[in-house]
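Mind docking chain B on chain A? Use the hints.
Just so you know, the sequences run in chain order A and B. Per the numbering used here, the first sequence starts with residue 62, numbered consecutively. Per the numbering used here, the second sequence starts with residue -12, numbered consecutively.
None of these hints come from the bench; they were simulated from the model. Quantities reported herein were computed from a predicted structural model and do not represent experimental measurements. Honestly, I wouldn't trust all of these hints.
The calculated DSS-like cross-link candidates involving lysine-lysine, where the alpha carbons are at most 27 Å apart (straight line), are [unchecked claim]:
hint: 1; chain 1: A; residue 1: Lys118; chain 2: A; residue 2: Lys218
hint: 2; chain 1: B; residue 1: Lys172; chain 2: B; residue 2: Lys413
hint: 3; chain 1: A; residue 1: Lys171; chain 2: A; residue 2: Lys131
hint: 4; chain 1: A; residue 1: Lys228; chain 2: A; residue 2: Lys171
hint: 5; chain 1: A; residue 1: Lys86; chain 2: B; residue 2: Lys172
hint: 6; chain 1: A; residue 1: Lys118; chain 2: A; residue 2: Lys513
hint: 7; chain 1: B; residue 1: Lys413; chain 2: A; residue 2: Lys168
hint: 8; chain 1: A; residue 1: Lys171; chain 2: B; residue 2: Lys413
hint: 9; chain 1: A; residue 1: Lys228; chain 2: A; residue 2: Lys218
hint: 10; chain 1: B; residue 1: Lys413; chain 2: A; residue 2: Lys218
hint: 11; chain 1: A; residue 1: Lys555; chain 2: A; residue 2: Lys86
hint: 12; chain 1: A; residue 1: Lys555; chain 2: A; residue 2: Lys168
hint: 13; chain 1: A; residue 1: Lys131; chain 2: B; residue 2: Lys454
hint: 14; chain 1: A; residue 1: Lys228; chain 2: A; residue 2: Lys168
hint: 15; chain 1: A; residue 1: Lys228; chain 2: A; residue 2: Lys86
One side only, chain A facing chain B, incomplete, derived with CB under 7 Å [claimed, not checked]:
hint: 16; residue: Leu80
hint: 17; residue: Ile84
hint: 18; residue: Glu88
hint: 19; residue: Leu91
hint: 20; residue: Ile209
Glycine included, C-beta positions come from ideal geometry on N, C-alpha and C.
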Amino acid sequence: MNFSPIAIALLAPIVGAMLLIFIPKDERRLIRWIAAFSMGIALLLSLAAYFMYDFVKGGFQYTISIPWVKELGITLALGADGLSLPMLLLTNLIGFSAIFASWNIDKRTKEFFILLLLLIAGVMGTFVSLDLFVFFLFYEVVVIPIYIMVIIWGSSKRVTKEYAGMKLTIYLLIGSAFLLVGLVALYLNAYPAGQRTFLMSALAQASFSESFQIYCFALLAFGFGSLLSMFPFHSWSPDGYAGAPTAVSMIHAGVLKKIGGYGLLRIGVLTLPLGAKFWAPVIALLAVGNVAYAGFIALAQKDLKYVVGYSSVSHMGYVLIGLAAMNVIGVNGAVANMFAHGVMSALFFAMIGWVYERTHTRWIPDLGGLGHQMPRVATGMLLAGMAGLGLPGLVSFVPEFTIFIGSFAAYPVLAVLAIAGVVITALYTLRVLANVLFGPRRAEFDDLQDIKGPEMVPLVVLGAVLILAGMFPWYLMDMVNAGVQPIVDTVLAKVSQMTALGGGVK
Amino acid sequence: MNFNLLSTEIATALFGSVLLILSLVTGKDARRGLGHATLAGLLVLLLITFTQYGINSGGFSGTWILDDYAVFMKQVFIIAAILVVFAGKSYVEDFTGNCNEFYVLMVFALLGMMGMASAGDLITLYVSLETMTISFYILVAYNLTSGKSAEAGLKYLILGALSSAVILYGMSLVYGAAGTTLFAKMPPVSVASPVLLLGAVMLVAGFGFKIAAVPFHMWSPDIYEGAPTPVTAFLAVASKAAGFAAMLRVFLGGTPVAPDNWLGIIAVLAAITMIIGNLVAIPQTGIKRMLAYSSIAQAGYILVGLMAADPAGVNGVLFYSMIYAVANVGAFAVVIAVERATGSDEIAVFGGLWQRQPLLASVMTVCLLSLAGIPPMAGFVGKFLLFSAIMDQGIYWPAFIGFVMSMISVYYYLRVALVIWRDEPKDPAPIAVESGMRLAVMAALAVTVVLGVYPAVLSDLSLAAAKSFFGM
Chain A
62 MNFSPIAIAL LAPIVGAMLL IFIPKDERRL IRWIAAFSMG IALLLSLAAY
112 FMYDFVKGGF QYTISIPWVK ELGITLALGA DGLSLPMLLL TNLIGFSAIF
162 ASWNIDKRTK EFFILLLLLI AGVMGTFVSL DLFVFFLFYE VVVIPIYIMV
212 IIWGSSKRVT KEYAGMKLTI YLLIGSAFLL VGLVALYLNA YPAGQRTFLM
262 SALAQASFSE SFQIYCFALL AFGFGSLLSM FPFHSWSPDG YAGAPTAVSM
312 IHAGVLKKIG GYGLLRIGVL TLPLGAKFWA PVIALLAVGN VAYAGFIALA
362 QKDLKYVVGY SSVSHMGYVL IGLAAMNVIG VNGAVANMFA HGVMSALFFA
412 MIGWVYERTH TRWIPDLGGL GHQMPRVATG MLLAGMAGLG LPGLVSFVPE
462 FTIFIGSFAA YPVLAVLAIA GVVITALYTL RVLANVLFGP RRAEFDDLQD
512 IKGPEMVPLV VLGAVLILAG MFPWYLMDMV NAGVQPIVDT VLAKVSQMTA
562 LGGGVK
Chain B
-12 MNFNLLSTEI ATALFGSVLL ILSLVTGKDA RRGLGHATLA GLLVLLLITF
38 TQYGINSGGF SGTWILDDYA VFMKQVFIIA AILVVFAGKS YVEDFTGNCN
88 EFYVLMVFAL LGMMGMASAG DLITLYVSLE TMTISFYILV AYNLTSGKSA
138 EAGLKYLILG ALSSAVILYG MSLVYGAAGT TLFAKMPPVS VASPVLLLGA
188 VMLVAGFGFK IAAVPFHMWS PDIYEGAPTP VTAFLAVASK AAGFAAMLRV
238 FLGGTPVAPD NWLGIIAVLA AITMIIGNLV AIPQTGIKRM LAYSSIAQAG
288 YILVGLMAAD PAGVNGVLFY SMIYAVANVG AFAVVIAVER ATGSDEIAVF
338 GGLWQRQPLL ASVMTVCLLS LAGIPPMAGF VGKFLLFSAI MDQGIYWPAF
388 IGFVMSMISV YYYLRVALVI WRDEPKDPAP IAVESGMRLA VMAALAVTVV
438 LGVYPAVLSD LSLAAAKSFF GM
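For reference, chain A alone in the conformation it holds in the complex:
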C-alpha cells in the first residue's frame, strides 16, 4: 500500500487519545503535550498533503481503499481532492489551536483531551472518506464527545449547559435522521441488489429519476442544512456555542458546521443535480434569511459568544447562496468562504475564551478597554473581527467577493440583499470591538495577564493563516477551484443533458 499522509494524519489524534488513556490523570503537563504533539503531526501531514497535491493530475489523491463489508458494499476508502484538502487543513489548524486554547483546563484534564482528540479525528474523517457509510460513521462519532464536553466543561450563562448540550445534540441528530433516510434511499436506488455500493464516486455516476432526485435532495438539504445552521434550523447554534467550552466552540463553528456545506456539495449537488437545481432557489432564499435575520439578531446580543454565534449563522448564508448559485464562481466562493469563516470564527472563539477565563464574564456592557491590559488578545479579536466584515487583505475578502459575483449571475435580487447584509455585519462587529477592546482604561481589569507562552499558539497560527491567505489568496483559490471545477462541470453537463431529454431519465 502506498504512503498516504492523510491516513496517518487521521490516525495521529486517535493514537494520541489511546496513549492518553494510559497516562495517570495527575500528569497534566504530559497529557497536554501528548495531545499537542499528536495534533502537530496531523497538522504537518495535512500541510504536506495540501502543498504536495498534484494539480496536473487532479482528482482524488493519497487514496486508500480497503473493502470493509462486502455484502453491503462498504469500503474503507480515504482520499482527498481540492474540495477536501482545504477542509482537512482547516480541521487541523483549528484542532491544533484548540489544544492550546484549552491549555489551562484543570478539571478532568485527561478526559478532556481524549474527547477533544476523538472529536478532531471524527471531523477529519468526514472530510477524507470517499465512502458514504464511512462518512456518516465519522459524522455521528463526533456528536457524543461534543455532548459530554459541553455538559462537563461548558458554561451556563443565558441557558444552562445541560440545555445547550442537549439542544445541540438533538437538533443535529434529528437532522441526521432525515439525512440517513436520504442516504439509504440513495444507496438503494442507485444500483440493483448485489451491485450496491456506498462509494461516492459510484453513486455520482448512477442515474436517478427527477422526482426521486427532488425528494431525496430535500432530505439531504434538511440534514446537511441543519448542520450548517441554515435558517430556520439554526437556533441550536448560538445556544450550543454559548454553552460549549472554548475548544468545542472553535471546532464546531470552525469546521464541524462545514461538514454540512461539504456534504451538500459532495453528495447532494454532485449526485442529485436535478434535485439541486430544483431546490437551489429555495436555498438561496433561506440563505438571505440567514444573512439578514441572524445579522439583525447579532446586533441585539450582549453576550460575546452569542454575537459570534449569530454572526456565524449569518456567514453561513453567504456559503449557502454561493452553493445555490450552482456556477463555478459561486461554488468556489462558497467553499473558500467555509475555510475563511472557519479560521476567523475559531480565532474569535479562542480570544473570547481567554477574555472569559480572565474576566469571568462575556457580558459586553461589563467589559471595556481591554486593549490596554491585553493587547495580544485585542489584536486577535481585531483580526478576527476585521476578517469577519470582509476587509481586503484578510482571508474572507476574496471568497466573499467571489460569492457575490457568482450569486449575482444567478439571483440578482437575492444577491443584492445578501451583499447589503455586509453592512449589518460591520455594524455588530465594530460595535463589539469598540465596546470590548477600546475606550478608557478600566481599573478593575488592571491585574489581568495578557496571553503568553503556549496560550499564544491559537493567535499565532490562526492569525498567520488569516493574513497569509488574505495576501496570497491564490494558494487557497487554486486548490478550491481544482476541486470545484470538475464537480460543477459534471453537474451542469448532467443537468443540460437531462433537460434536453425532457428530464426523468432512468
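Same frame as chain A, now just chain B:
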C-alpha cells in the same frame, strides 16, 4: 426419527434435570458452585449449536424445523443466558433462602425458547411457549423478601395467562379454518376466511404481549421494575427474542392470511410501538422502568423487519436481536452492579459512576448508545439493516419514524450518560466488580463495538440464517 434435530434440546433438558438434582442433593451450601456449573453447561450448549448449522431439515411429521434460522435464534438465547448468569451470579447468591432453583428455571425457560424457534406447528409452539412462560412466572417472583417482586410475579401470572389464552383461542380458530396445525400446510391466500383472519388477529395480540408491543405493553414496566434484575434482563432480551422467533415462524413461515391484510396490522403496531415506547421512556426516573420502555421501543424497530417479510428483513431481525440482546444485557449488568452497591435503581444513583467505576460507566454509555443506534456501535448497523429492508420495497415512512424516534431516544439514554459523567458521586467509594461481572460487561462492550465497526462477522451468519428461513 432423526434425533439429531433435537440434540440441543435434549442436551438442554438433560442439563436442566441434572442441575435440578444437583441443587437438591447439595442443598443451600452450594450457592456458588451451581452458578459455575450452569455457566459451564451453557457454554457446552453453545458449542453444540455450532455443529447444527447447515442441517436445514424438518422432522417429526413437520412439527419440528431445524434450519440455520432456528440455530441462530437459539444462540441468541444461549448467549443472553450466559451473560445474564455471569452478571447476575452474585445477585442471585444474595437471595435469602434457596437460590439454586433459579438456575434450573433459567435453563428450562431456555428450553422453551429453543422450542419456539424450531416449532413447525401450532401445538409445538404453544407447548414451548408455556414452558418458557411458566418458568418466568416463578423467576419474576423469585425474590421472596421483596413485596415488589411478589406483586410483579402475580401480575405477570395473570396477564401472561390471559395472553396465553388469547393465543390459544387464536390457534384454535386458525386450526378450525385451516384444518391443520402445520405452518407449512396452511391454506393459500385465496381461501382465507374471516375465521382465519380473526384467528390471526388473536395471534398478533398474543405475541404482541410476549414482545411487549404497544398496545399490549402495559405489563412490562411494572414487571421489569419488580422482578429481580437478572430476571428482568433475561425477560427483556431472551423472552422477547423468542417471541419474535415464533412470530416469524407463524406469520412468515406459513402465512395464514393475505399478506396485505396482516402487514397492515404489523405496520401500525410497529409505528405506535416506536413512538409510544420512546416518548414514554423520556419522563422515567427509575433505570429499570426506563429500560423497560426502551425495550418496548426496540420491539417496534424489530417489527419493521418483520413487516418487510423478505430475507433482508429477517436478516435485520436476526442481526438486531443479537445486538439488542448483548447491549441490553450489558446495560442491565451495570444496573445489577450499581443496584447491589447502592440498593437503589433510581437513575440518580448513577451519579459520578465514572469516578467510582470507569469500566461500568463506559459499558453503560456504549450499550445505551448502541440501543440508540448511534454509530460506530453495533445498534446502528442493526437499524440500518432493518430499515433499509423496508425502504428497499419503496416504503419509506417506517424508516422515517424509526430513525427520528431513535434520535429522540438519544435524549433519555444520554440523560443517564449525563448523570454518569457530569455529577460528582454522593458516595465516592469505588464499586467492586467481581470477575464474572467484569467478563460479562467486557464481552458486551467488545461485541457492541467490534460488530459496529466490523459487522460482517455476524451479518454473514445472520444472512445465511435468514435465507435458510425462506428455504433458499
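Each hint, compared with the structure:
no., hint, verdict
1, A:Lys118 to A:Lys218, "violated, 51 Å"
2, B:Lys172 to B:Lys413, "violated, 62 Å"
3, A:Lys171 to A:Lys131, "violated, 38 Å"
4, A:Lys228 to A:Lys171, "holds, 26 Å"
5, A:Lys86 to B:Lys172, "violated, 66 Å"
6, A:Lys118 to A:Lys513, "violated, 44 Å"
7, B:Lys413 to A:Lys168, "holds, 18 Å"
8, A:Lys171 to B:Lys413, "holds, 22 Å"
9, A:Lys228 to A:Lys218, "holds, 15 Å"
10, B:Lys413 to A:Lys218, "holds, 26 Å"
11, A:Lys555 to A:Lys86, "violated, 56 Å"
12, A:Lys555 to A:Lys168, "violated, 54 Å"
13, A:Lys131 to B:Lys454, "holds, 17 Å"
14, A:Lys228 to A:Lys168, "holds, 24 Å"
15, A:Lys228 to A:Lys86, "violated, 30 Å"
16, Leu80, "violated, 17 Å"
17, Ile84, "violated, 14 Å"
18, Glu88, "violated, 17 Å"
19, Leu91, "violated, 19 Å"
20, Ile209, "holds, 5 Å"
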